[in-house]
Amino acid sequence: MVEAQNVGFRAGHRDLISGISARFAPGQLHLIIGANGAGKSTLVKVLSRLLRPAAGLVQYDGRDVSHATERDLARRRAVLSQAIEVAFPLSVREVVMMGRYPHFGTRPAQHDLDIVDEVMRFFDVSDMAERSYPTLSGGEKQRVNFARVLGQVWQPVAGQHRILFLDEPLTFLDIRHQIEFMKKVRETLKSGDMVIVGVVHDLNLAARFADRLLLLNQGRVLADGTGAEVLAPAHIRTAFGIEPVVTTAPGGGMHLIFD
Amino acid sequence: MSAPRIAGLLLALVVLMILTVLASIRFGAIDFPLHQMWSSTAAVLAGRTPDTLDGRIFTELRLPRAILCVFVGASLGVGGTLMQALFRNPIVEPGLVGTSSGAAFGASLYFVLGTVLHVEQAPWSLPAAACAGGVVSTWMVFALAETRGDGRASIVMLLLTGLAVNALFLSGIGFLSYIARDPQARSIIFWNLGTLSGATWRSVAIVGGVTTLGTLASLVYAKQLNALMIGEEEATYLGVNVARLKLIVLSINVAIVAVATAFTGVISFVGLIVPHILRMLRGADNRFLIIASAVFGATLLSLADLIARVALRPAELPIGIVTSVVGVPVFLSLLRRRHYVF
Chain A
1 MVEAQNVGFR AGHRDLISGI SARFAPGQLH LIIGANGAGK STLVKVLSRL
51 LRPAAGLVQY DGRDVSHATE RDLARRRAVL SQAIEVAFPL SVREVVMMGR
101 YPHFGTRPAQ HDLDIVDEVM RFFDVSDMAE RSYPTLSGGE KQRVNFARVL
151 GQVWQPVAGQ HRILFLDEPL TFLDIRHQIE FMKKVRETLK SGDMVIVGVV
201 HDLNLAARFA DRLLLLNQGR VLADGTGAEV LAPAHIRTAF GIEPVVTTAP
251 GGGMHLIFD
Chain B
1 MSAPRIAGLL LALVVLMILT VLASIRFGAI DFPLHQMWSS TAAVLAGRTP
51 DTLDGRIFTE LRLPRAILCV FVGASLGVGG TLMQALFRNP IVEPGLVGTS
101 SGAAFGASLY FVLGTVLHVE QAPWSLPAAA CAGGVVSTWM VFALAETRGD
151 GRASIVMLLL TGLAVNALFL SGIGFLSYIA RDPQARSIIF WNLGTLSGAT
201 WRSVAIVGGV TTLGTLASLV YAKQLNALMI GEEEATYLGV NVARLKLIVL
251 SINVAIVAVA TAFTGVISFV GLIVPHILRM LRGADNRFLI IASAVFGATL
301 LSLADLIARV ALRPAELPIG IVTSVVGVPV FLSLLRRRHY VF
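For the record, the sequence lines run as chains A and B. Our numbering applies: residue 1 is where the first sequence begins, and numbers increase by one. Our numbering applies: residue 1 is where the second sequence begins, and numbers increase by one.
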């Protein structure tokens with residue numbers, strides 16, 4: 001369980017987020033949506049403790065995270081960021097191996113090597129293992145990085161939930177890889193002991209794949225609940241300033257069309 | 001690449017270094033036949049002073065110079081690797097971001113003011129002065145160049161700021177040389193272009209000790225520096241305390257480069273070329289790069305020193321001219337490469 005209690009963060013004199021309280025349960029896919037500048041990325045950075053909140057508290061499994069060491073956090077919490085560029089010729093395998101860095105000292109153990117092979121197969125990047133990361137396409141880089149962060153929290157941690165944050169993971173992915181990616185995220189959830197919180201832009205993908213949605217508007221929570229609750233036309237109008245037409249997708253879920 | 005192949009590559013680099021150093025000991029203003037190299041070295045190892053003039057030239061000039069060259073080359077190579085990893089940019093090196101010129105300024109200030117102010121001539125006072133200068137200049141460049149706010153200075157700002165700070169400290173050195181009485185401080189060519197001609201066993205001991213310790217210490221942080229290559233946020237998510245890592249690695253870097261510079265003046269571009277060539281051979285894993293750039297930096301600088309001594313013999317070129325002739329084209333080609341991020 002990840003919990004934010006009345007969390008706020010300021011940059012200069014501007015509140016990027018304020019008064020946010022939310023709970024993110026294991027085994028469910030939580031997606032954060034909102035317009036540009038609504039505070040989605042800031043919230044993810046505060047939840048993952050990259051940023052320390054100016055107000056409020058972030059708890060993992062009921063414990064305040066502000067005092068944990070970087071390394072202890074890194075063994076159970078991974079974050080997939082947007083657009084990771086590397087100026088040096090690192091091999092794909094080494095980038096994926098970085099996910100295991102918090103778990104070993106100087107040399108990877110056999111099970112670290114095994115996990116790297118496994119996650120590379122899971123994300124279909126085994127063929128690129130020896131290629132140089134800077135030469136990959138944007139979509140390939142994204143898959144390599146997802147393999148890396150999943151490798152970081154691959155093993156269950158006794159007595160704790162594993163936590164995975166995805167900050168706009170679908171950027172650079174074509175439509176097929178977007179769908180495959182979301183399916184893999186759902187597959188990952190089946191272990192039951194992982195909390196996954198993501199930020200996405202595509203409201204229809206959010207409606208289709210999320211168990212719970214959190215809609216932010218101007219740094220505050222506008223709506224929190226299931227897709228049908230959160231994606232009500234009134235909420236969309238307030239948050240995005242655009243009028244949706246709600247229809248039903250062939251599979252039975254809701255589908256938004258914008259004029 | 002597999003572990004045996006890395007070991008093989010490292011072994012090849014070590015063999016190359018030994019051959020280069022042997023050549024650099026053998027040839028110079030005068031060439032020493034092998035039997036004389038052997039007998040003079042044996043004499044030194046037995047604690048005796050060689051009885052011939054040639055023997056003394058060999059043991060008191062040629063040999064310490066060659067060994068100092070190994071350690072200085074290693075420190076510049078490792079310094080370049082550390083700076084490039086820290087700032088995630090392949091065109092950063094100690095000479096370009098002011099560390100070397102600041103260190104040279106600190107050292108020349110010591111030569112000029114040390115006698116006036118009666119600073120104790122302790123063995124560590126010169127290296128300490130150089131370190132202080134290197135810290136000030138490096139800090140100036142990075143503080144002034146940081147415009148993005150994410151800790152990653154834009155490379156254009158970094159280079160331009162480096163240029164300005166270098167100019168400032170080099171003109172400071174020019175002024176000190178102008179007013180100096182001390183012959184070493186008077187030689188502006190010594191500080192600006194670098195030379196190993198002042199090598200003594202004492203400088204070998206100091207530079208060797210600091211370089212060895214610094215290289216071993218930086219190996220401890222190689223894995224964290226790898227994580228830093230994918231970004232400061234990412235490294236934090238991977239469990240690295242980035243602020244602490246930066247402070248430690250920058251300190252190691254300034255210490256090894258400044259101490260070397262105190263005894264040899266500013267030698268540019270070695271720290272740029274060495275990691276660059278090694279990355280082309282084997283990729284950017286810092287666990288490999290740090291060791292290899294020590295070995296290969298030593299090799300390249302020994303080769304440069306050999307060229308500096310034999311190109312116009314019996315006269316001698318400043319070594320900085322040799323390293324610049326090789327380094328500038330590499331630097332320019334790096335600047336023009338597209339897939340490096342600026």
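Hints were generated in silico from the structure; no laboratory data involved. Glycine residues also receive a C-beta, built at the ideal position from the N, C-alpha and C atoms. Incorrect hints may appear among the rest.
To be verified - If the Cβ cut is set under 8 angstroms, some of the chain A residues that face chain B in the computed set are: (1) S48; (2) L73; (3) A78; (4) I84; (5) M98; (6) D174; (7) I175.
To be verified - Just a sample of chain B residues kept apart from chain A, beta carbon distances all over 12 angstroms, derived: (8) T52; (9) N226; (10) M229; (11) V240; (12) N286; (13) L312; (14) V328.
Query raised in the report: Among all the numbered hints in the text so far, which are the ones the structure does not match?
Result: 6, 7, 9, 10, 11, 12
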